[in-house]
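2 protein chains.
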Amino acid sequence: MNDNKNYVKEITNIEDDFAKWYTDIVIKAGLADYTDVKGFMAIKPYGFAIWENIQKYTDEKFKKAGVKNLYLPLLIPEDLLNKEKEHVQGFAPEVAWVTHGGDQKLEKRFCIRPTSETMFSTLYSKWVESWRDLPMVFNQWCSVIRWEKETKPFLRTREFLWQEGHTVHETAQEAKDLTLKMLEVYKDLIEKKLAIPVLQGEKSIGEKFAGAENTYTVETLMHDGRALQAGTSHYFGQNFSKPFGIKFRNRDEKDEYAYQTSWGISTRLIGAVIMAHGDNRGLKLPPEIAPIQAVIIPISLSDKMVMEEAQKLFDTLSKKFRIEIDQRDNYTPGYKFNDWEMKGVPIRIEIGPKDIIAGQCVMVERDTGDKIAIKLSEAPLKLKEILNNIQKRMFEDCKKNMIDRTCSVSSLDEFIEKINKKQGYIKAMWCGDEKCEEEIKNKTGARSRCLPFKQEKISDKCVVCGRPAKHLVFWGRQY
Amino acid sequence: MNDNKNYVKEITNIEDDFAKWYTDIVIKAGLADYTDVKGFMAIKPYGFAIWENIQKYTDEKFKKAGVKNLYLPLLIPEDLLNKEKEHVQGFAPEVAWVTHGGDQKLEKRFCIRPTSETMFSTLYSKWVESWRDLPMVFNQWCSVIRWEKETKPFLRTREFLWQEGHTVHETAQEAKDLTLKMLEVYKDLIEKKLAIPVLQGEKSIGEKFAGAENTYTVETLMHDGRALQAGTSHYFGQNFSKPFGIKFRNRDEKDEYAYQTSWGISTRLIGAVIMAHGDNRGLKLPPEIAPIQAVIIPISLSDKMVMEEAQKLFDTLSKKFRIEIDQRDNYTPGYKFNDWEMKGVPIRIEIGPKDIIAGQCVMVERDTGDKIAIKLSEAPLKLKEILNNIQKRMFEDCKKNMIDRTCSVSSLDEFIEKINKKQGYIKAMWCGDEKCEEEIKNKTGARSRCLPFKQEKISDKCVVCGRPAKHLVFWGRQY
Chain A
11 MNDNKNYVKE
21 ITNIEDDFAK
31 WYTDIVIKAG
41 LADYTDVKGF
51 MAIKPYGFAI
61 WENIQKYTDE
71 KFKKAGVKNL
81 YLPLLIPEDL
91 LNKEKEHVQG
101 FAPEVAWVTH
111 GGDQKLEKRF
121 CIRPTSETMF
131 STLYSKWVES
141 WRDLPMVFNQ
151 WCSVIRWEKE
161 TKPFLRTREF
171 LWQEGHTVHE
181 TAQEAKDLTL
191 KMLEVYKDLI
201 EKKLAIPVLQ
211 GEKSIGEKFA
221 GAENTYTVET
231 LMHDGRALQA
241 GTSHYFGQNF
251 SKPFGIKFRN
261 RDEKDEYAYQ
271 TSWGISTRLI
281 GAVIMAHGDN
291 RGLKLPPEIA
301 PIQAVIIPIS
311 LSDKMVMEEA
321 QKLFDTLSKK
331 FRIEIDQRDN
341 YTPGYKFNDW
351 EMKGVPIRIE
361 IGPKDIIAGQ
371 CVMVERDTGD
381 KIAIKLSEAP
391 LKLKEILNNI
401 QKRMFEDCKK
411 NMIDRTCSVS
421 SLDEFIEKIN
431 KKQGYIKAMW
441 CGDEKCEEEI
451 KNKTGARSRC
461 LPFKQEKISD
471 KCVVCGRPAK
481 HLVFWGRQY
Chain B
11 MNDNKNYVKE
21 ITNIEDDFAK
31 WYTDIVIKAG
41 LADYTDVKGF
51 MAIKPYGFAI
61 WENIQKYTDE
71 KFKKAGVKNL
81 YLPLLIPEDL
91 LNKEKEHVQG
101 FAPEVAWVTH
111 GGDQKLEKRF
121 CIRPTSETMF
131 STLYSKWVES
141 WRDLPMVFNQ
151 WCSVIRWEKE
161 TKPFLRTREF
171 LWQEGHTVHE
181 TAQEAKDLTL
191 KMLEVYKDLI
201 EKKLAIPVLQ
211 GEKSIGEKFA
221 GAENTYTVET
231 LMHDGRALQA
241 GTSHYFGQNF
251 SKPFGIKFRN
261 RDEKDEYAYQ
271 TSWGISTRLI
281 GAVIMAHGDN
291 RGLKLPPEIA
301 PIQAVIIPIS
311 LSDKMVMEEA
321 QKLFDTLSKK
331 FRIEIDQRDN
341 YTPGYKFNDW
351 EMKGVPIRIE
361 IGPKDIIAGQ
371 CVMVERDTGD
381 KIAIKLSEAP
391 LKLKEILNNI
401 QKRMFEDCKK
411 NMIDRTCSVS
421 SLDEFIEKIN
431 KKQGYIKAMW
441 CGDEKCEEEI
451 KNKTGARSRC
461 LPFKQEKISD
471 KCVVCGRPAK
481 HLVFWGRQY
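Residue numbers (the numbering used here), protein chains in the order written: chain A, 11 to 489; chain B, 11 to 489.
Keep in mind the hints are simulated off the structure, nothing from the lab. There is no bait here: all hints are sound.
Under the rule of at most 20 Å between Cα atoms (straight-line distance), these lysine to aspartate or glutamate pairs were calculated in the EDC-like manner:
no., chain 1, residue 1, chain 2, residue 2
1, B, 385, B, 318
2, B, 38, B, 336
3, B, 74, A, 334
4, B, 115, A, 158
5, A, 392, A, 360
6, B, 48, A, 88
7, A, 329, B, 69
With the hints as extra help, turn the sequences into a complete structure.
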């Protein structure tokens, strides 16, 4: 029999060392594990089930929006990668190169896709002929490789899973609209399913995607006040269609270069869920994406009546919810409580001999710790209600943290003082000059998160140089 | 306006050149395309949607059987691949090697997974401690790379998509049972969804998977009488658990090496669907996995009444079926008929001015060409019925071809004569000696497909050497 206290001790205190707390959760909650390949993780079934729930929701939304899935090669020839100048500069330093097939040295080397703009564009140049073929709104769910120097499970790994949508359009406007439509899908996913409020806006030139005209982003704030870019959507204009020759015969019977977009979210969202919601008892999962929404723990495994009622309850609830029943005979109930709290299951349902007599079970909320006695006959209805409440409360709690950690500043000194006092979003006016952006980065460790769509005017002057300000910018230290 | 006749001419005649007919279908029906990376294909949305339907069905079956999905690294260190002797000999000659990350030459090289027994086994050696942890029944949907010399879209490509299930068990019996259970899932998928009858059996030693104790297979026969291995399930015994150190504390508190399995199906099944069902009008898709089950073609796009009724019909039918409506104004109805036949859509629904007056539409079956007038009010009910009939008929037609192309032989001469006359399955008795198997391969071009589970005794003697026969074997030339 294990000791509860020792078990909880295994997680680092969240206030002592947030980074260590994070990796403890990843490993102890069984989300992922390290492997023999440095910087590559194994996503374990419990972590992967979260990804499957994210995929399912997003893929349905995509399909309703007319997106079609396909699959393109894992390998990209070196000369293709080199075609768009900014793009190759952005990615070439961090790709993995394949040089041999079997015993043979290859004539030209291939990189493993770090992203597939070049492969999509090459194929689109074959597939697009007339305006009648447009738009093409395609997406793939796949893995990509970027040879990062420092890695951390889910947040920054040499391999990660993602979806990459790539589209071609007849007009710039249609492409831009699509870019924002997809950003809206991401916002819905992250707010409604992951219970994390997002900030929507445009990236500064210094922070935009290599090769994009505009990059739009959904930004999130973690428990410790660090920012995390949760999804991006890029408008390319004709930046790829020109070097790759994606021309179409337009309605005036003239050749025109097409307008493109790309957009993606990745398994890093699982990292966001951990860091936005977790606490000292472990992971805390929003019911909407929790692989297990409630776990039934029969108290006293030797009591036949208890086991029968627990099984009945499981049979009833598992028709509508994702339910687990813990019948392990080598752990105490106390150990099990801690174990499932650590794994972030939203509700634990206790059922013991006294409950049977009272015709009830006890639902314990992971987020508040509150215990609610529920009549067995009302369990399905009440479970739904409590799950909904938890989902809402988690979003509100997370939003409260974001608001608490957001402040406006009007000087660089104030910026430094405030971000050091309480890490979070700093709102400050900016002239638009990359030098000022660079100075903020160097002096504060914060980068521009975005120029939010909802612009405010908190002062007339750039927080760095004092020249007339062009934009309100949210700044933050990032993951 | 395009010319119907020219359009159909674009496909090679199936009797003239089956191989060319096949690649014509792949390209012209829009299933896949060639890419700049030799041997790698782009699976286009129409082809990928078939894969998604296969995935959906199989994944649900897996989950009901207790399978959990996860995701393991794309790259495998060279020393891991080398740990199981037969396995490395089987795969090392055809893997792609990654030697550089960014600008840096890597200290040790990695291969891109050709299959993941070695990666799973390494992790299982960490994850498995006690019999209480078992079984572990995990699966991943991913892409793999094998540097094949000759390639053909879907059938043999350097990259393909698949699922690979890998399991660990407490007893040999449990592992063997799991192997056969998964083979049953494959049989159901292929027979009920892909409408192709399968032959189930065990592979001979010469044909089994590198590292397996036993390989079980589901074999299919294509339209031209060539055989195609559609899925395999392997029992490993302790072949991997010993070199990889997957030990567990058993119920007697002793350490024991675990028992393992692996099993997979791939995008090659799409090739099977093409070759089992297609004809001179193009692809023919079984309704159960067709991305589009019926296409509505309004005759006379300028007739307002027709367009309104067609739209209404689309709205009604698309609630329950996968429906498309073809409103392209730059093609004739005749061209459209050919186009959708080529794409293998099971039913085309014509609706024109005369139909409106009669309150009907006309459903045309892709497989028989039969036209059936249906009252508009009965369309949903009738569509379901007709789709079911097509699904059944396609299976029966395919089964008939298999039976027609299966014969028993009692001598090698008879073997050669019969397989040259009518390609298909040859049933012949075998002594079990690999030399005799080799001789058949050399003299007939046929390989042993499997030792079918349903054994018969068609003679006492091996068809090659005349010594006492041990097994009935199905032989065939393969894809």
